[in-house]
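J.: In case you want the letters, here they are:
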Amino acid sequence: MARPVLEVERLCKSFGGVAAVDRVSLALEPGRIYGLIGPNGSGKTTLFNCITGIERRDVGSTRFNGVRIDGLKPYEIARQGIGRTFQLIRVFPELTALENLLVVTRGSLAGAEARALELLRFVKLDGLKHEYAGNLSYGQQKLVEFVRVLMRDPSLILLDEPAAGVNRTLLNDLLEAVRRLRDDGKTVLLVEHDMKVVMGLCETVFVLDHGEKIAEGPPGVIQADERVIEAYFGR
Amino acid sequence: MNVAITPAMLGQVVVSGILAGALYAMVALGLALIFGVMRVINIAHGPLLMLGAYTTFFIYQALGLNPYLTVPITMLVLFILGALLQRTLVYRVVDAPELSSLLLTFGISIALVNLAQLAFTSNLRTVEYVTGSYTLGPLAFSKSRLIAFVVAAALAGLVFLFLQRTRLGKAIRATSQSREVAMVCGVDVQRIHRITFGIAAALAGAGGALVSVIVAIQPEMGQIWTFKSFLVIVLGGAGNYPGALLGGVLLGLVEQLASLFLTTQLSEAVAYILLVLILLVRPTGLLGGRQT
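As they're listed, the protein sequences go chains A and B.
Mapping the first sequence onto my numbering, position 2 (from 1) lands on 2, and the numbers just tick up by one.
Mapping the second sequence onto my numbering, position 41 (from 1) lands on 41, and the numbers just tick up by one.
Hints in this document: simulated from the structure, not taken from any laboratory.
Note that this is a predicted model, so its numbers are computed, not measured.
Every residue gets a Cβ at the ideal spot worked out from N, C-alpha and C, and that includes glycine.
A portion of the hints provided could be inaccurate.
Computed beta-carbon distance windows for the label pairs [stated by the list, open to error]: (1) B:Arg-165 x A:Lys-196: 43 to 51 Å; (2) A:Leu-109 x B:Leu-260: 44 to 52 Å; (3) B:Ile-5 x A:Leu-109: 48 to 56 Å; (4) B:Leu-266 x A:Glu-131: 43 to 51 Å; (5) B:Thr-263 x A:Arg-56: 57 to 65 Å; (6) A:Ala-19 x B:Arg-282: 57 to 65 Å; (7) B:Thr-131 x A:Gly-134: 43 to 51 Å; (8) B:Leu-124 x A:Arg-106: 51 to 59 Å.
Work out the full structure: start from the sequences and follow the hints.
T.: Structure representation (structure tokens):
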């Protein structure tokens, strides 16, 4: 087994006595696509927030390439090479598509601009680079957010519901892009409600329920797991 | 008040209003920046202007330096002071309820005024450097106000260019639109906040330097500027930077026009009445607030 890119160990986070994430442990190996599923309120986004430093974990640890990152500030974690998108699209509406990408600073300005233009071309948005992101369509904003994550060339990418509200064509493009990232050796962890997407894309799936990890395994096994079915449909 | 109002008088009032307006706009731009980026209303903005005026006065007194040449020095001093205030005090209330930040900056404001009284006494100080006016036909342009207009407009323009063109400027705008996403993009938001407060204080300081040549300097000269800047950003739409420029010029014009048509006492009240009216009729400002 290759050394994990990300190791989360017994991570806990509670809000006012309610455990949103409860002793969750998981390890992600490089070059693989992982899924994170669970009913609403099961702690998926909170886990993302803890990994990226937006929320401070109560107990537990997170290691990125073997180095502790829990306790670091969000921008420090981002600069180490963890990128993420949000459940509801979060572009900077009053920045142009190009400027949205340039907020991510890395290397020289000229280098950053070249990379940003290349990424916009990659998602066929180079014609709209000077348009305010707030004026773009939902799908286009989603693409801007997606390539913004790629600006820093992160080795771990967290995607919060990439398929939500996206049409078929765009979805296929996005999934294709995710596979290509995986082939480049990047690790992807995605939260997704669309089971077809999860089952078709992910090699390993983690299931959360009430903040606890209740199952982990290949999609086929997870689908048949009794605890998972119970968590989704009740007894 | 039986004097007939001639076109020349009206023209003069418009000129004076626009000259004053650019200064209002530049100072208010600082307040708008802090509000836009941190959602903090900085009551201490005017007292920072007062400190800027004193900085210029002391440099002028000690070195005999042209007061306009002190503008960059004063701005630097105030930038450092602003960044320090953010680092030690204001960062604590950025995420707190609005009342906390109002109370804190109100406290800073009182402290700065009283410290100034202690250190500099309440004696009126003046920087007499340029007096008189240029005349153009029937219009008179006060030299000190004309220079203040030019410098203020240039500085406001520079700040806009900085926000639009530079990486740091983009990071400031990104942070004001979504702090959380900026963090995830690798922006050190705390640093951006310190720089923002520093720039805002520097703009107030520049205002103080320019005003020091026009009016007498004393520790309580600043508070009215907090109010006027607040009015300007309410006029233009809170957090809307171009709106702050429009609001500044509008306030200058309204004040001058009021002084032409109304008694002195009433014209002093016009700005306040305007604030109440705008808040009643169009609370998001003339150009509307931020979209986000």
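J.: It remains to establish, for every hint, whether it holds in the given structure.
T.: Tested hints:
Taking the beta carbon of each, Arg-165 of chain B and Lys-196 of chain A are about 45 Å apart, inside 43 to 51 Å as hinted. Look at Leu-109 of chain A against Leu-260 of chain B: about 50 Å separates their beta carbons, and that is inside 44 to 52 Å. About 55 Å separates the C-beta atoms of Ile-5 of chain B and Leu-109 of chain A, a value consistent with the hinted range of 48 to 56 Å. At roughly 49 Å, the beta carbons of Leu-266 of chain B and Glu-131 of chain A sit within the given window of 43 to 51 Å.
Separated by about 60 Å at the C-beta atoms, Thr-263 of chain B and Arg-56 of chain A satisfy the suggested range of 57 to 65 Å. For the pair Ala-19 of chain A and Arg-282 of chain B, the beta carbons lie near 47 Å from each other, so the given range of 57 to 65 Å is not met. Evaluation of the 43 to 51 Å hint for Thr-131 of chain B and Gly-134 of chain A yields a pass: the beta carbon distance comes to about 50 Å. Under the hint 51 to 59 Å, the C-beta atoms of Leu-124 of chain B and Arg-106 of chain A, about 54 Å apart, fit the expected range.
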